[in-house]
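Visitor: One letter stands for each residue in the lines below.
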Amino acid sequence: MKITLEQNAIAVTECADAINDRFSGSGIIADIIQHSNAKKYSFVRVIAPPQHWQALAKWMKFEIGVNYCSMITGTHYPEGGADRGWEVVYHLLRQPIVNQIPDTNTVFVAEKMVGAQIPVEFEVIINLPNNDTPSVPTVQHVWVGADWNEKETWDLVGINFEGHENMFRVLNPHDSPDGFHPLQKQHKIRYHDFNEMYDDAQGFGRKPADEGRVK
Amino acid sequence: MPMHPHAKPNFRNLFWYPFKITLITALRTFPIFGKLFGKRLGMGYHNTSHPEFLDDGSKARASKNSSFNDISQQEFAPDRVTSDLFPTLWKPQTVQYPYERLEDMEPWLFVPGNYNGRIGVIWETCTACKLCVTACPNDCLHMTTELRVDVLDGADGEHGGLGAELEIGGYAAQLIPEVADTLDDFNHVTAHADTPDQWRFAEVLDLSGGTATVRWNDSGMEQDIAQSELFVADDQIVSGRIDLGRCMFCGLCMEACGFTSFFMTNEYDGMSGFTRQDLWFDASRTRVLPSVHQEAVDAELAKRANKERDKRARKAAKAKAAAEDGA
Amino acid sequence: MDDKYDLRGLIFSTFDDLIPPLLDGTPLEESADSIAFGAATFAAVNIVFLMLFFSQFAILWIERKAVARMNDRRGATTALRSLWVGENGVTAGEWWNMLPFGLGKPIGSLNKWLNNRFGNRDETFATVDRVNNRSWMGYSIFPGFFQNVADGMKFLVKEHMVPQRADRLIFEVSPFLIVSSTLLILGIIPLSSGMYATNPDLSILYAIAIFGIAPIGVFFAGWSSNNKYTLIGGIRSAAQLTAYEIPLLLTLLSVAILTGTFNIIESIHFQHSAGAWNLFLMPLGAGLFLLTMIAEVERVPFDMPEAEAELVEGWWTEYGGMRFGMLFMAEYIRTYAACFLFTHFFLGGWHLPFQGLISQVPLLGDLYLLIPGAIVVLLKSWLVFLLVFVWARFSLARIRTDQILEFGWRILLPLAVLQVVLAGIYRLYLFDPTAMKDTAAGGWAWNAMGIPMFVPIITTAIWLGIFVLFLNDEDKSGNTERMFHVYTEKPAGTYVPGQE
Amino acid sequence: MAQMWITMGPQHPMTHGLWTLRVKVDGETVVDTEAELGYIHRGVEKICEARDFTQVTPYCDRLCYVSAMTWANSYIYAAEDLLEADVPERAEYIRLIAAELQRLASHLMWLGAFGPDIGNLTLMTWCMRDREMFLDLLQELGGSRMHYNYPRIGGVKRDIPIGFGDRMIAKVKLFEKRIEEYEMMLDESTIWLVRLQGVGYANAEEMVEAGVSGPNVRAAGVNYDIRWAHPYSVYDEVDWEPAVEKPTSVKGADCYDRYRVRIEEMRQSCRMLLDAIEKIPGGKNTHYSSRDEMIYTKAPTRAPEGASGFSNYECTRGASQFYVQGGGEGRGKMPYRLSIRSPMFITIPFVAKTMIGYKVADIPAIMGSFDPCIGETDR
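Residue numbers (this note's numbering), protein chains in the order written: chain A, 1 to 215; chain B, 1 to 327; chain C, 1 to 500; chain D, 1 to 379.
Hints listed in this document are in silico derivations from the structure and should not be mistaken for laboratory results. One should not assume that every hint holds.
Chain D stretches covered by chain A per the calculated footprint, using a threshold of three residues with CB under 8 angstroms from any CB of chain A [what the hints assert, rightly or not]:
| # | segment |
| --- | --- |
| 1 | 70-83 |
| 2 | 217-225 |
| 3 | 335-341 |
Calculated pairs, BS3-like style, for lysine-lysine (alpha carbon to alpha carbon, straight line, at most 30 angstroms) [unchecked claim]:
| # | chain 1 | residue 1 | chain 2 | residue 2 |
| --- | --- | --- | --- | --- |
| 4 | A | K40 | A | K61 |
| 5 | A | K188 | D | K246 |
| 6 | D | K246 | D | K173 |
| 7 | D | K279 | A | K2 |
| 8 | D | K246 | B | K59 |
Here the structure is a predicted model, which is why all the values come from computation and not from measurement. Positions of the beta carbon are idealized from the N, C-alpha and C atoms, including for glycine.
Build the full structure now, drawing on both the sequences and the hints.
Guide: Here's what the structure looks like:
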């Protein structure tokens, strides 16, 4: 009772080929990568330039049925070179979920699923140049689920999503200062003398006598 | 398949089923009905035989009460409910906690053996390797050490010559006689300074024949020196403290310890205080139960002595073989 | 038939005997009878009131214990011994030292003595022995009974807070409105024919009128607290009580029609004299009374006004300390009063089951009649409380506002009207007034067609048959359309936020 | 009555945690809602950037105290993807057992909280009673009752104790009987049904579009389950099938469907547990030592820059996903970036909009039926 590796390989290859065919020459490259955990399924990794991302997203949604935007990760690479100061990774899924007419359900038999039914994972990587205003076009209107993910990514990492409506802080306090995005790398989790944040009445937490000495 | 795939509201169920099941539940909390329902349910509610719940740990915990309540005579339901201990209906069940404790009343209802409770350290067998300090995600362990000469573990020490000896990668110390001579006259009161150290420490790089190659800690210089001039030194604990206010009881420290010196005990209280300072536990508050403590110390020391003995035996055999080869 | 024990008569005759001789020769001599009457009334009222009030602890305890068992627990078991449980003379808390003016000193000494005498002394199995011995003083016959006292003490020492910008006067007044009107109900509830505080002629009307005051207090409380939850709770309460008071009134009207009186004691007498309890003559009325009473006292499943899931604590959210305690107590008193009223209207008051028949048995009959009426009333009320209020509360969920109102207006109200009509028919055509007898044996006024007790038997049988018929209404067809939908002005999901 | 805003939360019985639902009501009808999150944002993602790969595990436990084991497992699979660790089969079985016990405990916690939402207080104590059984079992594995820190990269912390299998079988079999009691109390209670049926409709495509996942979507009629589509442990070897409901309206699943699907999931978990404990390699009555190769394979501790690991895991509330990038501090000993996808973070704003048009009294029913957990939402 699972999607076999063959089914997975067929579906992944189809998707990757379709993307490469459609977007050849635009800098969008789809690749097949194999997970090295659990059952070693493969997934499609797409590297896309930001200007083509919206077109790619719409095409993926309507042509190959990617209906689920599960996760958006922004990463800050202050030392990543001029072309890769920021990276935005989208994790998308194709799920075989359809509306039901009353009093029915759809019970797929995993081994017998074919074609566009087979669930596939997608990872879309968008590299952004190293500057102070990283920005990506929004896909809020493509997947509703991207809405709060984009809010979170802007809130925590500071990636601007061009065209995102109703952007506000979701996890940080609403009155956080402008430009404060805690997951950027200039904010350190352990500052010098971080221990003074805590009540260290005895003081021995501050500077252990043998600090830095390895036995 | 669900019992009622599309249950529909109806008149009967305003009155019947919810009332029926609460009545059953209420009745079977009385042991006499509990046994009856137990039979009907097949799995049993009160006093059905489930020996798998009488594990060794529970028996051991209950042994001190065995004259009062022998749990090997008890029968349990799978959720560890028993009703033989208090067969009378109306005895109070509320445990007046600080004065009464659940583990005394109903030990089988209590803490299984693997519980990650208060941290306990057996300092006698701790080698100050600091693996636990490294493993702690929250920096709640603090340990300071300093190099000291291993007086007790040396050839004249308590372990009958089976203590430490010079090892490559270990530490050694050399006595500085001129300092040692002044120590008798050293006066803390007038000197306004620390006691001068009569030892000079070094890391042992190589041992060959009667000499040792060492790197002095104070100068960083390497030197060959006769082994007879060196004493065995070791990193020893000056203070070990735990900030239980930051501890999240993940147990990574316990796993990191290679010497079974570091325990998560079964104790769940005695970890509160009115200030954060109260939560800094020093060595005296991380003691484990005396019986466990003695046992662990004995076992660990015996293990080390055996290891040392084996090592020496192997070394002797090797030397003998080498000598024979040479001959 | 009157109860054998005429406590009220005893009090009055005692005072009549005692007071005039005392006042002989004083200026009060002339009004001695009036003074004796006043003093006796005062004594009787207080005795009855205290009996009712303190027996209320029993229902709290019954609820605690029943609920605990239904929840597969034993419940709180705080016993008096909790006060001195400790080791070597040291007791937890020493709360008596906190009492003012050294009032607690005697308690402390008593406690010390108890702890030394009955505390733990065995050192081998210290804790175990203490645990094992906890019940040997006998005070844990009712474990958890004193939990209510402890709760009361807790409420008593809590701070009283008034929300900012609340309507302070109304906020302070409304609990007293609720509590005092609730306590007034107890004034007319007889414990037996020989034990009641007052007995106005129209005591049924009085009870209903008094029951109707508290909802105003509830609405005041909800409105004055300056809190949206209490406001919604108060409005819900008003809507619900309006919907349920009318069926309740109609049901009581049918009781009055059937028994021919507006007086509670007379209606109890009627039940015995005519030979059958009202429960068997109007099972529908009994059911309606219970349903409307549950709604009236706002208990599950009709506790929308204080639905704690969405309205935090409903209309009494902002009350704290003893105000909350009093409101809480008032709710239980109302519940208790409802149980008494059900006992009196439908279960024959102080009369024992089959009293007419059993009293005819020689010896046994005399012994049977020796059971005091007050005990019978209390037991019946507790049983009603346990079987109806507690059991329902912990088996059912809470229904929704619109469903409650729909149920009240569209189902209960027509049924109540039907019951009024039925009661009139029974009284006019099926009742034989000549066969009423106020003796121990009772009368046989409900005979019809020559069959003794034909009317109650056939009524009960018919209603049971209808009930059973309804019980088998399970729809086994494959039609899976949901029966209960939510009706709103705008269907769910079509509303676009931001556009009014 | 004029429309007014009510602020439900951050401390409110309906919220099941710390968040705020601002509701605009017109009388008893909800006409607009807004969700506010972030009250217990702890910055776990940032904290984990300064912890090595093993030290991250206890933090992942603490993402959701109700289902700590599944969250830790989810992280572990992402880390194994990154570090390319092999896992012995016995360890995979133990992880499955632990995760399903946790699912039972979590669903019981949900049901126990859902009961008082609808007004049934008895349910709470019953569910807590049964949850104790599974917490005891999990404590035997992990050593704690909530935050177990049990899975390790390349295996598990320690093997199942002697007798664990028998105790688990007894408890699971008893619990299967108890599920019938719950159904007798709830499915056969008219009041329970009229409160849940016809309330809180959401259909499948709408939910997938909005990012809702897990049991909430399966209630709408499609048996898509990550354990079934992309099995990560040994879910393809044990006997079970995804729980799925038949919605009765074109509008999709209502609260009752979502309640049913979780009850069904508990049944399936019991089925899985009973099967897995029999099939476990090495036998249920064997106890291997902590670092035995049957349950643990040593994995690399450092990951190079540019490597990434991803796990898609069926947590008790839906798809929990971890994305870990290697090459952090300490020459790759720590993650450079660890990103967490919480199913509830996406679901809560969706649910808030779903309840528009229903009554105020339906708010706890709808919210509770989606099983919110704020620990994982705010991270």
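Visitor: Now, for every hint given, state plainly whether the structure supports it.
Guide: Now the hints, each set against the structure:
Closer than 8 angstroms: that is the beta-carbon criterion, and the segment 70-83 of chain D has 4 residues meeting it against chain A, so the requirement of 3 holds. With 6 residues carrying a beta carbon less than 8 angstroms from a beta carbon of chain A, the segment 217-225 of chain D meets the three-residue requirement, and the given coverage holds. Only when three residues or more bring their CB closer than 8 angstroms to a CB of chain A does the claim for the segment 335-341 of chain D stand; here the count is 4, and the claim holds. With a CA separation close to 25 angstroms, the supplied pair K40 of chain A and K61 of chain A stays within the 30 angstroms bound.
Taking the CA atoms of K188 of chain A and K246 of chain D, the gap is near 50 angstroms; set against the 30 angstroms cutoff, the hint is violated. For the hint linking K246 of chain D to K173 of chain D, the alpha-carbon distance of about 27 angstroms falls within 30 angstroms, and the restraint holds. Our distance criterion of 30 angstroms between C-alpha atoms is met by K279 of chain D and K2 of chain A, whose separation comes to about 18 angstroms. Distance hint between K246 of chain D and K59 of chain B is unfulfilled; the C-alpha atoms sit about 49 angstroms from each other, more than 30 angstroms.
Going down the numbered hints, you'll see the structure goes against 5 and 8, while the others check out.
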